[in-house]
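Trainee: Chains as they are written, first to last, in this note's numbering: chain H, 13 to 508; chain U, 13 to 508.
The set of hints was computed from the structure by calculation and includes no laboratory data. Mixed in with the good hints, there may be bad ones.
It does not matter which identical chain is used: a pair holds within one copy or between any two.
As the list claims (entries may be wrong) - BS3-like cross-link-like pairs, simulated, lysine-lysine; straight-line CA separation at most 27 Å: (1) LYS182 <-> LYS399; (2) LYS433 <-> LYS233; (3) LYS118 <-> LYS433; (4) LYS133 <-> LYS88; (5) LYS485 <-> LYS182; (6) LYS233 <-> LYS88; (7) LYS437 <-> LYS427; (8) LYS233 <-> LYS215; (9) LYS388 <-> LYS42; (10) LYS118 <-> LYS399; (11) LYS388 <-> LYS118; (12) LYS293 <-> LYS427; (13) LYS437 <-> LYS118; (14) LYS433 <-> LYS485; (15) LYS399 <-> LYS293; (16) LYS182 <-> LYS293; (17) LYS22 <-> LYS118; (18) LYS133 <-> LYS241; (19) LYS118 <-> LYS427; (20) LYS205 <-> LYS427; (21) LYS133 <-> LYS485; (22) LYS215 <-> LYS22; (23) LYS485 <-> LYS388; (24) LYS215 <-> LYS182.
Note that the structure is a prediction, hence the values are computed from the model and not measured.
Protein chains: 2
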Amino acid sequence: MSAPKQSRPKARLPRGFRDRGAAEIMAEQKMLATIRAVYESYGFEPLETPAFEYTDALGKFLPDVDRPNAGVFSLKDDDEQWMSLRYDLTAPLARHVAANFQHLAKPFRRYQTGSVWRNEKPGPGRYREFTQFDADTVGSASPSADAELLMMVSDVMEALGLQRGDYIIKLNNRKLLDGVLEASGVALDDREKRGIVLRAIDKIDRLGVEGVQALLGEGRKDDSGDFTKGAGLSPDQAHRILAFVAPDAQDEEEHLQQIGTLISTSAVGAAGLNELEQIVKLLHACGYGPDRILFDTGVVRGLDYYTGAVFEAQLTFPIKNEDGEEVVFGSVAGGGRYDDLVARFTGQAVPATGVSIGVSRLMSALASRGALAAVKAPLVVVTVFDKAEAAASFAIVQELRAAGIRAEAYVGTGKMGDQFKYADKRGAAIAIIEGGDERARGEVTLKDLALGAELAKSVESRAEWVGNREAQKSVKRADLVAEVRAILGPSSGIKS
Amino acid sequence: MSAPKQSRPKARLPRGFRDRGAAEIMAEQKMLATIRAVYESYGFEPLETPAFEYTDALGKFLPDVDRPNAGVFSLKDDDEQWMSLRYDLTAPLARHVAANFQHLAKPFRRYQTGSVWRNEKPGPGRYREFTQFDADTVGSASPSADAELLMMVSDVMEALGLQRGDYIIKLNNRKLLDGVLEASGVALDDREKRGIVLRAIDKIDRLGVEGVQALLGEGRKDDSGDFTKGAGLSPDQAHRILAFVAPDAQDEEEHLQQIGTLISTSAVGAAGLNELEQIVKLLHACGYGPDRILFDTGVVRGLDYYTGAVFEAQLTFPIKNEDGEEVVFGSVAGGGRYDDLVARFTGQAVPATGVSIGVSRLMSALASRGALAAVKAPLVVVTVFDKAEAAASFAIVQELRAAGIRAEAYVGTGKMGDQFKYADKRGAAIAIIEGGDERARGEVTLKDLALGAELAKSVESRAEWVGNREAQKSVKRADLVAEVRAILGPSSGIKS
Chain H
13 MSAPKQSRPK ARLPRGFRDR GAAEIMAEQK MLATIRAVYE SYGFEPLETP
63 AFEYTDALGK FLPDVDRPNA GVFSLKDDDE QWMSLRYDLT APLARHVAAN
113 FQHLAKPFRR YQTGSVWRNE KPGPGRYREF TQFDADTVGS ASPSADAELL
163 MMVSDVMEAL GLQRGDYIIK LNNRKLLDGV LEASGVALDD REKRGIVLRA
213 IDKIDRLGVE GVQALLGEGR KDDSGDFTKG AGLSPDQAHR ILAFVAPDAQ
263 DEEEHLQQIG TLISTSAVGA AGLNELEQIV KLLHACGYGP DRILFDTGVV
313 RGLDYYTGAV FEAQLTFPIK NEDGEEVVFG SVAGGGRYDD LVARFTGQAV
363 PATGVSIGVS RLMSALASRG ALAAVKAPLV VVTVFDKAEA AASFAIVQEL
413 RAAGIRAEAY VGTGKMGDQF KYADKRGAAI AIIEGGDERA RGEVTLKDLA
463 LGAELAKSVE SRAEWVGNRE AQKSVKRADL VAEVRAILGP SSGIKS
Chain U
13 MSAPKQSRPK ARLPRGFRDR GAAEIMAEQK MLATIRAVYE SYGFEPLETP
63 AFEYTDALGK FLPDVDRPNA GVFSLKDDDE QWMSLRYDLT APLARHVAAN
113 FQHLAKPFRR YQTGSVWRNE KPGPGRYREF TQFDADTVGS ASPSADAELL
163 MMVSDVMEAL GLQRGDYIIK LNNRKLLDGV LEASGVALDD REKRGIVLRA
213 IDKIDRLGVE GVQALLGEGR KDDSGDFTKG AGLSPDQAHR ILAFVAPDAQ
263 DEEEHLQQIG TLISTSAVGA AGLNELEQIV KLLHACGYGP DRILFDTGVV
313 RGLDYYTGAV FEAQLTFPIK NEDGEEVVFG SVAGGGRYDD LVARFTGQAV
363 PATGVSIGVS RLMSALASRG ALAAVKAPLV VVTVFDKAEA AASFAIVQEL
413 RAAGIRAEAY VGTGKMGDQF KYADKRGAAI AIIEGGDERA RGEVTLKDLA
463 LGAELAKSVE SRAEWVGNRE AQKSVKRADL VAEVRAILGP SSGIKS
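One chain only, chain H, in its complex shape (with noise of 0.2 Å):
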């Protein structure tokens, strides 16, 4: 029943997507298990918002503004309404928290995990596709909140098996920047220069503190020749802001008071020390210091609807891409407070602060140094001599199974030598044979797959190791599970 040629489709992902095997998936369950664990211990609780949202409901906070392809999915519903799928999960929950805010208890704290969709330009590693973790609190605007995050994510990276050390969160607060924008003369409504300049200086790591002056004055031109458009401000505004941001302070205590003269006659500018300053009082307090979380003035977040604390988690230990280079990996997670997105809605500002772990990027980036690996319970595959006898196969592996052993009997059609090529393939413990004579005798023979390629190192041709008796054993069939659990050793259950 072949089709016709000229008609059949190419079997192939549309661009950016991509398929994932059970190594990567048990991973990220796992993963998401340890998250998850966090979260509720924090007493966040979970929410489950749909693919799609309404477009104009999802509002335009792409991280991305100035990328020429950033956008969303989105399509016409029956009734000419534009849908889109949600590029992030805050969007969704400011709607969530409007439509039901008088049924929600107040502080709202809800976690959310899932995928989340850009209709961006894919790259390596860059996916259109991937998956999130959010945590928020709506409804307080108190330090407190914040500060909880700051500890949550912080436990959430050492329970993931990442050292102290191996990672640092940045904080910084965006009525500081605004302070020392408003300090400059640089009229904060002028929303086209603020984004100019904090784009700008969210590129510090990477251009350098000359790179940002560029930008921040005239303009930049790249190793390429283009050239990127600067904010426009004179020498002496650019000198305050890198003040700000690249400072000269011996410690913390330093910086915060030369932050404080210059941000001195600004007033948003004096409720962002103040947020701050609460913030690392209550850190400190409960024993998370500079080692794990760390003033940052460096730190601004790409997107346009923070409105007061940013942070961002990055790991501080040298990360290998796809090609063995080492690369500055970024951010793994980040958030902050976000005071004016339910308002959107409804007209009344309701305070928030969330945070989003990358999984996907947390994910490779553990994978490089070998955390996290899947784990995968061991697998027998029980053969199948004769086809008329299978029901003798499925016995086997029903008394496998009740044991608490993960077992299949071949279901394929091949022979023998298919089926131990088969069990191979997937990576089975244990080959299971039971023909006519054993039966008779009431025997069956293991093979010890994981031994029998031990051997086979030591033995020169695939075909000798197949013959290789030392790897496989006759037992007694009343002692099989005994026999199986002997040769896959004390963690072999799928309950373990």
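For chain H, the structure is supplied; the task is to place chain U on it using the hints.
Mentor: Just chain U now, with coordinates in the frame of chain H:
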């Protein structure tokens, strides 16, 4: 910073989508974990495919081909190629297998769970995004692969807490149906007529024998007067098909004999009978009798792509809908053999068989009898008496969490009364108060909110309860964890 009113979006969900809260999400998590454990114990391993596929790769295999609004969510990518959101997990599997055929262990055995999307008219309990949980064996024509799936579905139902007799899995074979059609003189390549016949049979539970008879003949007028065109079979042809679908046999054996006679002239029918007999033989040998898996000629399954065994799991107990009326719940899982899906891409038929569990449907059914209740660990809310001393409350939650108890410090800005209301609304088990005087004495106050609610039932007003002292007690700060544990009881831990 309120937005001008005219530009405010409405906080509402697109039609047919919904938010889900903690209880439902946690119950679904538990259900998915249970299904996953059974599938893995059978040797299946996870695969994940993206939400999007190219539209031509998905094909047109939607179940309800006779519904006017049946469809998928589609949009054009930047390069003008049409992409669609997956409407099931089988079509993406076929694409994955076709693209990776050479590298896969065969038979390829994978499970997948995730959202699927249908661009259909929503209705009560009928959403446009829902969760499925599939397992498939690709690359085996053996009836043992079908039999294994049937046993696995039965095991899943019981692992989810259903008693034997609460569910029944009905098994049929498309080749038998084709055999009866062929033996009745209906041309099998008349896909339209065959489709009308299959859909008519599918309605036997609802319309009865007479209704199906009308649909096999000229057609049927329903209660509202609408006329559905029939298959146009002769009375003799219709009679043969009804003899197959609604037999008058006393038992399964007699029924199979009758079918043998009905299809005696059809090769495809004989093949179907042989497959069925092999499956049933293996099921019986493994102890899965007709109390769990039952041959039933009335099972058709809507999807056009099935080519052999078809089956569906139904719940046998009465289920109430949202209005409290008892309803026939229908299928909660279904599947069968589809040997042509991969051939769409490669031209080469690859035998395959699979099952899909309708997680969202099954969950609402189980919820109606209180199974799968949420397993939320109890929560302790630590109030903040003096905002300037929040660190003391945070120290308490850190101590509780370290002892494995879910705890949060109040991070809102409300007064003590608001804080107790908050703890109440969150369903917290205990509220903790540490005022300045108490701290000086080395004491804290525990308020048993569950006991308080009990006591409140016997007092006249809520106000009276708030003052009720029986539900609260002062304890030594040093005994905090032990005292909290004593109130929460044995299964209080996060890790329990």
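Trainee: All hints, please: hold or fail.
Mentor: We went through each hint and held it up to the structure:
Only between protomers do LYS182 and LYS399 lie at most 27 Å apart by alpha-carbon distance; the minimum there is 25 Å, versus 63 Å within a single protomer. Within a single copy, LYS433 and LYS233 get their C-alpha atoms no closer than 59 Å, and across copies no closer than 59 Å, so neither meets the 27 Å cut-off. Taking CA atoms no more than 27 Å apart as the test, LYS118 paired with LYS433 passes between copies only; the shortest distance there is 10 Å, against 59 Å inside one copy. In this assembly of identical chains, LYS133 and LYS88 lie within 27 Å of each other by CA distance both inside one copy and across copies; the values are 22 Å within and 14 Å between.
Neither within a single protomer nor between protomers do LYS485 and LYS182 lie at most 27 Å apart by alpha-carbon distance, with minima of 59 Å and 42 Å respectively. When the C-alpha separation of LYS233 and LYS88 is checked against a cutoff of 27 Å, the pair qualifies neither within a copy, at 41 Å, nor between copies, at 36 Å. In this assembly of identical chains, the alpha carbons of LYS437 and LYS427 lie at most 27 Å apart only when taken from the same copy (15 Å versus 63 Å across copies). Taking CA atoms no more than 27 Å apart as the test, LYS233 paired with LYS215 passes inside one copy only; the shortest distance there is 14 Å, against 71 Å between copies.
When the C-alpha separation of LYS388 and LYS42 is checked against a cutoff of 27 Å, the pair qualifies both within a copy, at 11 Å, and between copies, at 19 Å. Only between protomers do LYS118 and LYS399 lie at most 27 Å apart by alpha-carbon distance; the minimum there is 17 Å, versus 64 Å within a single protomer. Taking identical chains as interchangeable, the C-alpha atoms of LYS388 and LYS118 lie at most 27 Å apart only when they sit on different chains, with a minimum of 19 Å there against 41 Å within one chain. In this assembly of identical chains, the alpha carbons of LYS293 and LYS427 lie at most 27 Å apart only when taken from different copies (22 Å versus 70 Å within one copy).
In this assembly of identical chains, the alpha carbons of LYS437 and LYS118 lie at most 27 Å apart only when taken from different copies (9 Å versus 54 Å within one copy). In this assembly of identical chains, LYS433 and LYS485 lie within 27 Å of each other by CA distance solely inside one copy; the values are 19 Å within and 68 Å between copies. In the homo-oligomer, the alpha carbons of LYS399 and LYS293 lie at most 27 Å apart only across protomers (13 Å), although the nearest pairing inside one protomer, at 72 Å, exceeds that limit. Within a single copy, LYS182 and LYS293 get their C-alpha atoms as close as 15 Å, which meets the 27 Å cut-off; across copies the closest is 65 Å, which misses it.
In the homo-oligomer, the alpha carbons of LYS22 and LYS118 lie at most 27 Å apart only across protomers (21 Å), although the nearest pairing inside one protomer, at 52 Å, exceeds that limit. Proximity of LYS133 and LYS241 under a CA criterion of 27 Å is satisfied intra-copy only: 23 Å inside one chain copy versus 50 Å between copies. Only between protomers do LYS118 and LYS427 lie at most 27 Å apart by alpha-carbon distance; the minimum there is 12 Å, versus 65 Å within a single protomer. For a Cα distance limit of 27 Å, the shortest separation of LYS205 from LYS427 qualifies neither inside one copy, at 72 Å, nor across copies, at 41 Å.
In the homo-oligomer, the alpha carbons of LYS133 and LYS485 never lie at most 27 Å apart, since the shortest distance is 56 Å inside one protomer and 61 Å across protomers. Taking the closest pair of Cα atoms, LYS215 and LYS22 never come within 27 Å of each other, the shortest separation being 42 Å inside a single copy and 36 Å across copies. In the homo-oligomer, the alpha carbons of LYS485 and LYS388 lie at most 27 Å apart inside one protomer (25 Å), although the nearest pairing across protomers, at 48 Å, exceeds that limit. Taking the closest pair of Cα atoms, LYS215 and LYS182 come within 27 Å of each other only inside a single copy of the chain (15 Å); across copies the shortest separation is 62 Å, beyond that limit.
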